[in-house]
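Enquirer: Note that the protein sequences, when read in sequence, are chains Y and C. First residue of the first sequence? That's 1 in the working numbering, and the numbers climb one at a time after it. First residue of the second sequence? That's 1 in the working numbering, and the numbers climb one at a time after it.
Hint data in this document are derived by calculation from the structure and do not stem from the laboratory. Since the model is a prediction, treat every value here as computed from it, not as a measurement. All residues carry an ideal CB built from backbone N, CA and C; glycine is no exception. Be aware that a few hints might be false.
What the hints assert, rightly or not - Under 7 Å between C-beta atoms, here's a sample of chain Y residues computed to sit facing chain C:
#, residue
1, Ser97
2, Ile123
3, Leu125
4, Trp239
Stated by the list, open to error - List of simulated lysine to any residue pairs, SDA-like, C-alpha gap at most 20 Å:
#, chain 1, residue 1, chain 2, residue 2
5, Y, Lys140, C, Gly350
6, Y, Lys241, Y, His209
7, Y, Lys140, Y, Phe96
8, C, Lys110, Y, Val137
9, C, Lys110, Y, Arg118
10, C, Lys110, Y, Arg138
11, Y, Lys140, C, Ala352
12, Y, Lys140, C, Glu347
13, C, Lys110, Y, Glu129
14, Y, Lys114, C, Arg77
15, Y, Lys140, C, Ser354
16, Y, Lys114, C, Asp46
17, Y, Lys114, C, Ile43
18, Y, Lys114, C, Ala38
19, Y, Lys140, C, Leu357
20, Y, Lys140, C, Asp349
21, Y, Lys114, C, Ser12
22, C, Lys110, Y, Ile120
23, C, Lys110, C, Thr89
24, Y, Lys114, C, Ser14
25, Y, Lys114, C, Glu35
26, Y, Lys114, C, Leu357
27, C, Lys110, Y, Ala135
28, Y, Lys140, C, Asn109
29, C, Lys175, C, Ala240
30, C, Lys175, C, Leu335
31, C, Lys110, Y, Asn134
32, C, Lys175, C, Ser187
33, C, Lys175, C, Ser239
34, C, Lys110, Y, Pro117
35, C, Lys110, Y, Asn136
36, Y, Lys241, Y, Thr210
37, Y, Lys140, C, Ala353
38, C, Lys110, Y, Thr210
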Amino acid sequence: MASNTAVISVRDLSVGFGETAVLDRASLDVFEGEILGFVGGSGAGKSVLMRTIIGLLPKRSGRIEVFGTDLATVNDEELRAIERRWGVLFQQGALFSSLTALQNVQFPIREYLKLSPRLIEEIALAKLEMVGLNANVRGKYPSELSGGMVKRVALARALALDPDIVFLDEPTSGLDPIGAAEFDALIRTLQRTLGLSVFMVTHDLDSLHTVCDRIAVLSEGRIIATGTIETMLASEHPWLKSYFRGKRGRGVHH
Amino acid sequence: MTAAGLAAQGTSASLVATFNGKGVGLVATGAWIAERAAELETIVDDAAARYQTARSIDIDLARLDRLDTFGAWLIERLNRAFTARGATTRIIGLSESDRGLMDEVRLVNKTAGQNAAATNDILVALDSIGRAVAEIGASLVLLAHLLGALTMTVLGTIAHPARLRLTSLVHHLEKVGWRAVPIVALSTFLIGAIIAQQGIFHFRTFGAEVYVIDMVGILVLREVGVLIVCVMVAGRSGSAYTAELGSMKMREEIDALRTMGFDPVEVLVLPRIVALVIAVPLLTFIGSMAALYGAGLVCWLYGGMTPDIFLARLREAIWLPTFAVGMIKAPFMALVIGLVACVEGFEVDGSAASLGLKTTSSVVKSIFLVIVLDGFFAMFFAAIGM
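Based on the sequences and whatever the hints tell you, model everything.
Expert: Take a look at the structure:
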């Protein structure tokens, strides 16, 4: 299903804070229609790379292309057009706490598209139902929702404008294994139905096994390996070995 | 959808009708996507109205360039509009890639139409008044509750003085007391100066300038000094207490304390309120002195009364109880400010909006209660002749 067109292409990206360099000439591609799992040790800079791509952090050097456009060269209007085509699911959901679940999903639709209130409501409800929530959550505020529901509402909001790319920052963290498996399946289903490209930062080995088409590994500021889960399991690189085949790994040796 | 999909946004979208012997065929063309959703909605609603008598409708999607959830939902809405009237519909020409999406939207919005019934404006107004009154009652109960809990904690602390958190107390004392000195002194200085200036200006017309000193002395020591300090403290420290406790509540820190066997009243509330009860009388004293100093300065520079005259006149105008009245009120007002701030802080729920709301209401309520309390004190002191 994945084609060879790169929707995101990162070349020699360096990012740092003060004295510390977090990313050192990291290069990475995300192809159209694939789910890319992005792993690395805690504090290795996975979220930093994601946040740099979506423009929340400044880069020191390097090149970031999204949909074939260099983000350094675009003007505000073009950037808005690109931002409208990606959705971001933050680790804690980042739902607006003063809006209800339904209003959270309606928010980007209302801001970007001039639609009738009826259609906005119907589309937002459709999105909530597509992420597996029932219509009862519509009037609930984020503080009244469970962790899993918050993630689902946040995913519905990320998908509100039918984006082409979705960034997921540890989507299954804080969910129980059943909830995490359901969430993985949901991401897979939505990715197929909506033809999404997914960039998923994760620590969840199960997600990597079940939903990711390809995996990229970040270590010491660089992408040290990319490939399928089989490639990762076969690798003799010490870090990959301990990550994928360590005590908490699974698959090859039980 | 392609990577170069930006260009496709220019494509138009339409719904073309064809007729055959049995019914209507509707052919959807172009890009049925979010950007076109507004015009597509009109097209779909028009079609639903125009062909409402048709018994059999075919919706042909073979000529679609692109389809997303917005377009898919509108097609489904059209489909439902026809089937609701008993017509038979068929969706044909669906491409393999769009099939999943159409299947998905077929399942959604089944429970729509549960919008609240139109309500009577008068009832809504009565409802909100009723709720507000009930809320006032509830917040007074909470205040009494915390006062009770605080009293128990104070008694417990007197029995076991080691339970008082001295470090915390000193920390809060520095924040609400010591660091408030400059701003409190400056504002009360200005208030004293303004009262004196206004007094001199107006009293001069009937030659009673010298009574300005009586007025300033009594007003500042009995009322203005303590009130201005309380307003400053409520705005400065009360709001900080509410915000601190509120964000601790939001992040479950208070629950964490409780599960570790600590009493939040003892750990969080007691040091804060004790710090206020100590700081406010001290600030009141500093504030009253600064106000008198400001008044004296204005009397000298603007009213032409030398400091000697000012002090001599002041000594005649006031006596010890004048000063005591202000100082007695101060700790009680500090208690009210502290209690309200802590109650409001504990009332914060998960949202950022409620934190803002409760902080505002903490300041408004504590200033209001300070004024009410001041009224009661005025009656009490009048009754006992102070």
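Enquirer: With reference to the structure, classify each hint as holding or not holding.
Expert: Hint-by-hint comparison with the structure:
1. Ser97: Holds - the Cβ of Ser97/Y comes within 7 Å of chain C, reaching about 4 Å at its closest.
2. Ile123: holds, 6 Å
3. Leu125: holds, 5 Å
4. Trp239: violated, 32 Å
5. Lys140/Y - Gly350/C: With Cα atoms ~12 Å apart, Lys140/Y and Gly350/C stay inside 20 Å; holds.
6. Lys241/Y - His209/Y: Holds, at about 15 Å.
7. Lys140/Y - Phe96/Y: holds, 12 Å
8. Lys110/C - Val137/Y: holds, 15 Å
9. Lys110/C - Arg118/Y: Between Lys110/C and Arg118/Y the Cα gap is close to 15 Å, so the pair holds against 20 Å.
10. Lys110/C - Arg138/Y: holds, 14 Å
11. Lys140/Y - Ala352/C: holds, 15 Å
12. Lys140/Y - Glu347/C: Measuring from Cα to Cα gives roughly 19 Å; hence the hint holds.
13. Lys110/C - Glu129/Y: holds, 10 Å
14. Lys114/Y - Arg77/C: Holds: Lys114/Y and Arg77/C sit about 19 Å apart, inside 20 Å.
15. Lys140/Y - Ser354/C: holds, 15 Å
16. Lys114/Y - Asp46/C: holds, 19 Å
17. Lys114/Y - Ile43/C: Measuring from Cα to Cα gives roughly 15 Å; hence the hint holds.
18. Lys114/Y - Ala38/C: Answer holds: Lys114/Y to Ala38/C is near 7 Å, not above 20 Å.
19. Lys140/Y - Leu357/C: holds, 19 Å
20. Lys140/Y - Asp349/C: Satisfied, since the Cα-Cα distance of roughly 13 Å is no more than 20 Å.
21. Lys114/Y - Ser12/C: holds, 17 Å
22. Lys110/C - Ile120/Y: OK: Lys110/C and Ile120/Y at ~16 Å, within 20 Å.
23. Lys110/C - Thr89/C: Holds: Lys110/C and Thr89/C sit about 18 Å apart, inside 20 Å.
24. Lys114/Y - Ser14/C: Answer holds: Lys114/Y to Ser14/C is near 18 Å, not above 20 Å.
25. Lys114/Y - Glu35/C: Holds: Lys114/Y and Glu35/C sit about 9 Å apart, inside 20 Å.
26. Lys114/Y - Leu357/C: violated, 31 Å
27. Lys110/C - Ala135/Y: The hint holds at about 9 Å.
28. Lys140/Y - Asn109/C: holds, 17 Å
29. Lys175/C - Ala240/C: Answer holds: Lys175/C to Ala240/C is near 10 Å, not above 20 Å.
30. Lys175/C - Leu335/C: holds, 17 Å
31. Lys110/C - Asn134/Y: holds, 10 Å
32. Lys175/C - Ser187/C: Answer holds: Lys175/C to Ser187/C is near 18 Å, not above 20 Å.
33. Lys175/C - Ser239/C: At roughly 13 Å apart (the allowed maximum being 20 Å), Ser239/C and Lys175/C satisfy the hint.
34. Lys110/C - Pro117/Y: holds, 18 Å
35. Lys110/C - Asn136/Y: Since the Cα atoms of Lys110/C and Asn136/Y sit roughly 12 Å apart, the hinted pair holds (cutoff 20 Å).
36. Lys241/Y - Thr210/Y: holds, 19 Å
37. Lys140/Y - Ala353/C: Distance ~15 Å between Lys140/Y and Ala353/C Cα, so the pair holds.
38. Lys110/C - Thr210/Y: Roughly 31 Å between the alpha carbons, so the hint for Lys110/C and Thr210/Y is violated.
The structure shown violates the earlier hints numbered 4, 26 and 38.
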